[in-house]
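Letter by letter, the chains look like this.
Number of protein chains: 2
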Amino acid sequence: MLRTHTCGELRRSHIGQTVTLTGWVQQNRDRGGVLWIDLRDRYGITQLVFYRSETESALLEQARSLGREFVIQASGVVVARGSQNRKNPTGEIELKVDAVTVLNASKIPPFTIEDNTDGGVELRMRYRYLDLRRPQARERLLLRDQLARQTRAYFHSQNFTEVETPVLIKPTPEGARDFVVPSRINPGEFYSLPQSPQLFKQLLMIAGFDRYFQIVKCFRDEDLRADRQPEFTQLDCEMAFVTQDDILSTFEGLIRKLFATVKGVELPEIPCMTYADAMRLYGTDKPDTRYGMQFVELNEEVKGRGFGLFDEAEWVAGFCAPGGYADYTRSQLDKLAAFLKRHKLGADGLVWAHYTVDGLPKSSVDKFYAEDSVKTWLEKCGANPGDLLLILAGPADKTRKALGELRLLIGEQLGFRDKNTFSALWVVDFPLLEWSEETGRYLAMHHPFTLPKHEDIAMLDTDPGKVRANAYDLVINGTEIGGGSLRIHDRQTQELIFKRLGLTEEEIQQQFGFLLEAFEYGAPPHGGIALGFDRLCSLFAGSDSIRDVIAFPKNNSGRDTMTDSPSTISDERLAELAISLLPKR
Amino acid sequence: MLRTHTCGELRRSHIGQTVTLTGWVQQNRDRGGVLWIDLRDRYGITQLVFYRSETESALLEQARSLGREFVIQASGVVVARGSQNRKNPTGEIELKVDAVTVLNASKIPPFTIEDNTDGGVELRMRYRYLDLRRPQARERLLLRDQLARQTRAYFHSQNFTEVETPVLIKPTPEGARDFVVPSRINPGEFYSLPQSPQLFKQLLMIAGFDRYFQIVKCFRDEDLRADRQPEFTQLDCEMAFVTQDDILSTFEGLIRKLFATVKGVELPEIPCMTYADAMRLYGTDKPDTRYGMQFVELNEEVKGRGFGLFDEAEWVAGFCAPGGYADYTRSQLDKLAAFLKRHKLGADGLVWAHYTVDGLPKSSVDKFYAEDSVKTWLEKCGANPGDLLLILAGPADKTRKALGELRLLIGEQLGFRDKNTFSALWVVDFPLLEWSEETGRYLAMHHPFTLPKHEDIAMLDTDPGKVRANAYDLVINGTEIGGGSLRIHDRQTQELIFKRLGLTEEEIQQQFGFLLEAFEYGAPPHGGIALGFDRLCSLFAGSDSIRDVIAFPKNNSGRDTMTDSPSTISDERLAELAISLLPKR
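Chains A and B, in that order, give the protein sequences.
The first sequence begins at 1 in this note's numbering and counts up one residue at a time.
The second sequence begins at 586 in this note's numbering and counts up one residue at a time.
FYI, nobody ran anything at the bench for these hints, they're computed from the structure.
One thing to keep in mind: the hints can contain errors.
[Unchecked claim] Going by beta-carbon spacing under 8 Å, a handful of chain B positions derived as facing chain A:
1. L587
2. I630
3. E654
4. T750
5. P756
6. F785
7. S1152
8. D1156
Using N, Cα and C, we set each Cβ at its ideal position, and we do this for glycine too.
Model the full structure from these sequences, guided by the hints.
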């Protein structure tokens, strides 16, 4: 090694030792007769000191020439520091330098290498290798490594085997979100990149592996919303001979272990809530349960008093924001209504109610409703003096969604969405199918391999939207961290579902013939789950974006601005791949 | 769980307990009044027993109907076994079954689910999920998992961080072996899939990560030789502030730990040999050092005696096969010569020599060489009575290669290449460049980021082929398991090498501008290594092919015959990707 110690290692016990350090010049403080350099590496910062003396003046001059981010090797003796820096683990000592070698110079970096940097996100992504020198950026990747380690340790302790599944897989005709890869040695044919290892992990169950997991890259070629990446990492898992509860409790064990070992947080047992209840109480299938503010339906209480908005509405409901009355002035409330409009949430107006300082019920629709009416609302919603009841009315689905968004906004504004508080929830009994306006038919809500609830299968013919699946999501702090299901493991049920999803016999055979055949050779009952590993890391890092926990992320256009990728390739290579470019539209 | 125990778990201590097992019917032995089923899962095999009795005859009938590979759930009481099976850990007990549920039936599998199966490789790959039920196939994937676990544990203990690098990267214009991926949202542009994370791991060093590793999928679109795969797994690693020795000793630590923990083999310290010596002594840069048989050059001893083959040869050398004389008849020796011709090894003939039973030197060219001449050869080569000296002559490079192949063949035939013996070697000081007949210029032997030996750099202008690199390979039992190098970390040297490799300024800037720029912001000295993880697993498994240690491998044409991939995609999808197929040639 070009060093004897790291920059995070030296303590009082090293005083008097001759050591060699390597690292980057964090800063250089020149006081004339003495000069200090903070030398940084991954492990910490150690202070170097250079004194003016007859023998060492050349050295001092050399030290003076060392700019920010120069890479140097410095040798000398560890000495006690006059004024100790208690914040820094190496703060009791400094290195009195005898010799310095410049291992590499540096231009002045385009932004400061500090947590509180002056570089904007675009500049930092362009120079990601400098951005990653910032302690916070580095710590996030170290945290990611730590989470992967603890995850693997947990699964191995539970008898799971990590198996690598293929990245070059069979394309599916309708897989519009698959990336494809032309095969040079099979001209005209393509691989695709997996959106998940779904079929392979099911085949591993059929192969008898019993318990499989993998931390694995997956791919999705979609228009990138704010916080998506074309390549992302999944924590993927499958188990045979299990019930849904076995899968949930195995994963609950993982999540609680990760919180305990990595964050020192004792997460309580994770409760279950049905999809139906989540929609009814929070207007979303991924409720943020760090705070209450559950919806209360008020249809019965409000109808028939001549107030058109409520009378004509399919659904009227509200929630009670604890302590909200004090926090919201009239004009702030007006801004909330504007928020709803801006988000095109389809809500026809915001109504509020609360107790006055004198304890009297009051609402924004006092013209239509007497005090005792408003009081019934407030009481039904469990409002206390000082609380603010917010009510929306309109078409049920849209209004539910709007009220859910409003609940999140209010929760944020009232400080209920603290990043250091964690609340996890299993949402269970998802619908098997969802209606697609675009295609005019039912699509699989999760994927076509999900096992319907046995007691609901008959409804596939009569009321497909009502069929529930053995499917579940893990939600933490209002973010969907993962989801899974029990799978179909017999040919008949799988064929039935494929047909209900509108696939022809030929399509079924061409795309999934191998799976149906596999089901005929002793496929065991099985099920599994997949977690978004980037999302989980981001949650643990307290970060707003998964980009923060990815070493080299892409931007919203799927571009890596550092290397300038993707890019064009030569006509010669296109010809080798037996493809050509279409003229630009 | 649908079971209370696994099929590998029950022992004498469980006798009397009521348990439920799940698994596959391995076999069904019917003796009329009593019937046994071997029930198999990943963890083992447990014997189920069914007796004829008034109350249980229906159960016996049911058991009789259970065919091979049926998936069942069986409940009953654990009882002691009459005749114990010492080979099976569960062999002291059996399960007296009270109730059976068929969880899934099975057609008769296309081959037997046993180590010694009757299925050929094509059939087994087509039904890989059944192939993987064979204990040997399963154990190989469990071994792979074990190797990955131990590898990660080692690197973490050495302060390495595992960082995921991108799979969708920038294509390089001349990267003919890169798979490419059209970007739908950037029409006309492509990502490529990495052959290695080389540039990203170097950027991580520049980012200050100090010690990086990753077990990572890589991709190469080449015509697949016997034992290559289009996607393969690399154990990738990079370290900053290191010398070559630091990297070798870190990796040596890993390899020895893996042998110790996974195979129980105490591998001795790994010796180093220069590339020049390896070529001189073994005719290859990946010598199998499980046995000696090093080459001895005989030019001086054989020339000028009127034997044209030797007189006209650029290079004459041989090796001594210990005990070989007894093993090789004249006609077997003739077959060796035929082997050389068949392999077009370019050798002009095989000459042999040995001591007769009377201790007299004898050779196949006695016409030209007297006994005392032959004696000098035998002595120089260290031959003992009973040994066989084999000599080849011809153009140096070709003949060296041929003699190397011959040495491997003889070593195989004489039983020196035992799969349970392990001999590792570092081959160091590789040439930086190699001459390409095809392109008529020098190419990088390893890759263009390899650091030349400081003392050889001047020869880049005068004798490029002689420039040595700080590059090394790890060879075990004659297989290249991995390789690496110290890297260039300054802009000037990197530009010099790019230019020497024939890249124009524009090409350098377009392809590697970001790297050259990164070198200007304090790039530390660094180096690393990458191991072929599939190859390592295959070595540990004692298997001849990396396919055996890959869950779902592809065949020689890059096809997965199980899912029938790659395959065509629709014109609609091609249009979305802004590409079209070229007409078939």
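Practice prompt. Determine which of the earlier numbered hints do not hold for this structure and return their numbers in increasing order.
Written response: 2, 8
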